[in-house]
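Visitor: The sequence shown begins at 1 in the numbering used here and counts up one residue at a time.
Hints should not be assumed to be uniformly reliable.
With a cut-off of at most 35 Å between alpha-carbon atoms, the simulated DSBU-like pairs for lysine-lysine come out as follows [what the hints assert, rightly or not]: (1) LYS133 - LYS186; (2) LYS225 - LYS122; (3) LYS225 - LYS144; (4) LYS122 - LYS133; (5) LYS147 - LYS193; (6) LYS122 - LYS193; (7) LYS186 - LYS225; (8) LYS144 - LYS186; (9) LYS186 - LYS122; (10) LYS196 - LYS186; (11) LYS144 - LYS133; (12) LYS147 - LYS122; (13) LYS196 - LYS184; (14) LYS144 - LYS193; (15) LYS225 - LYS184; (16) LYS224 - LYS122; (17) LYS224 - LYS133; (18) LYS133 - LYS225; (19) LYS147 - LYS133; (20) LYS184 - LYS144; (21) LYS144 - LYS122; (22) LYS147 - LYS184; (23) LYS147 - LYS196.
These aren't lab readings, by the way, just hints derived from the structure by calculation. Computed from a prediction, not measured in an experiment: that's the story for all the values here.
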Amino acid sequence: MSAGLSCGSSTIKYLLFFFNFLFALCGLLLVVLGALSLHATAPLSQIGNHLGSSAIVLLIAGIIIFVIAFYGCCGAVRESHCMLVTFAVLLLVIIVVEVVACVLAFVYSSQAHDEVNLGINKLFENANQGDDKLAGEAVDYFQKNLKCCGTNGPSFWQGLSLRPSCCGGQSGCTVITAYQDGCKQKIEDFLVKNGKIVGGVAIGVALVELLGVWFALGLAGAIKKAERSRY
């Protein structure tokens with residue numbers, strides 16, 4: 001269905017289609033990353049449920065982005081004014097949600113820090129008591145992968161016989177051979193680092209989404225103008 005678009009408007013049409021194609025690929029990538037992260041984030045859920053749910057958020061976000069991108073592609077190909085305006089509105093809603101999420105994350109960052117601290121202390125205490133298998137597995141995961149031991153160092157564990165994960169999984173681990181860094185700071189640094197990455201990606205995606213809104217509204221306006229010129 002051709003609306004008699006000018007050369008410039010046709011260029012915007014194909015740019016919008018290409019944009020949505022990349023947008024759809026990003027959505028699929030988020031779905032894949034979310035699926036792969038479901039297992040990897042299991043230890044984080046032992047510190048706080050909201051930390052372990054990040055993989056589910058990635059999955060949902062990926063599916064939503066893919067559906068919206070597909071809708072935008074259809075609107076561009078069909079040169080549908082209604083579909084393109086709807087697509088632009090949906091993108092604006094996503095941008096608003098992203099901005100609100102970033103603001104809330106900043107406002108409640110101090111509270112989240114305190115909750116993470118409490119969660120880490122509780123996790124290691126449960127593992128130290130030896131009656132919580134999941135806590136023990138989570139602690140071993142952190143100690144082995146972040147190369148740390150105890151909350152603030154090897155002295156956290158009672159006695160000289162430490163968990164093997166304090167030495168990278170080697171048996172016969174002692175205070176001398178164990179990792180000397182505490183896991184509390186390591187986990188906090190890990191969360192801050194990944195939080196900055198997520199924040200940077202969110203800002204980049206929001207800017208690209210604004211470009212998509214501009215393309216969609218520009219093409220929708222051109223289509224409307226072309227339709228009116230027929231009469």
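Visitor: Compare the structure with each hint and give your call.
Guide: Consistency of the hints with the structure:
1. LYS133 - LYS186: holds (22 Å)
2. LYS225 - LYS122: violated (64 Å)
3. LYS225 - LYS144: The hint is violated at about 63 Å.
4. LYS122 - LYS133: Holds - the C-alpha atoms of LYS133 and LYS122 are around 14 Å apart, at most 35 Å.
5. LYS147 - LYS193: The hint holds at about 16 Å.
6. LYS122 - LYS193: Holds - the C-alpha atoms of LYS193 and LYS122 are around 23 Å apart, at most 35 Å.
7. LYS186 - LYS225: violated (58 Å)
8. LYS144 - LYS186: This hinted pair holds, its Cα atoms lying about 12 Å apart.
9. LYS186 - LYS122: Holds, because 16 Å separates the two Cα atoms, which is no more than 35 Å.
10. LYS196 - LYS186: Holds. LYS196 to LYS186 sits at ~15 Å (cutoff 35 Å).
11. LYS144 - LYS133: holds (16 Å)
12. LYS147 - LYS122: Given pair LYS147, LYS122 holds - Cα atoms ~20 Å apart, limit 35 Å.
13. LYS196 - LYS184: holds (18 Å)
14. LYS144 - LYS193: holds (19 Å)
15. LYS225 - LYS184: Not OK: LYS225 and LYS184 at ~61 Å, beyond 35 Å, violated.
16. LYS224 - LYS122: violated (61 Å)
17. LYS224 - LYS133: violated (63 Å)
18. LYS133 - LYS225: Between LYS133 and LYS225 the Cα gap is close to 66 Å, so the pair fails against 35 Å, i.e. violated.
19. LYS147 - LYS133: holds (21 Å)
20. LYS184 - LYS144: Distance ~14 Å between LYS184 and LYS144 Cα, so the pair holds.
21. LYS144 - LYS122: holds (19 Å)
22. LYS147 - LYS184: Holds, because 12 Å separates the two Cα atoms, which is no more than 35 Å.
23. LYS147 - LYS196: Holds, at roughly 21 Å.
The structure fails to meet hints 2, 3, 7, 15, 16, 17 and 18 from the earlier list, while all remaining hints are met.
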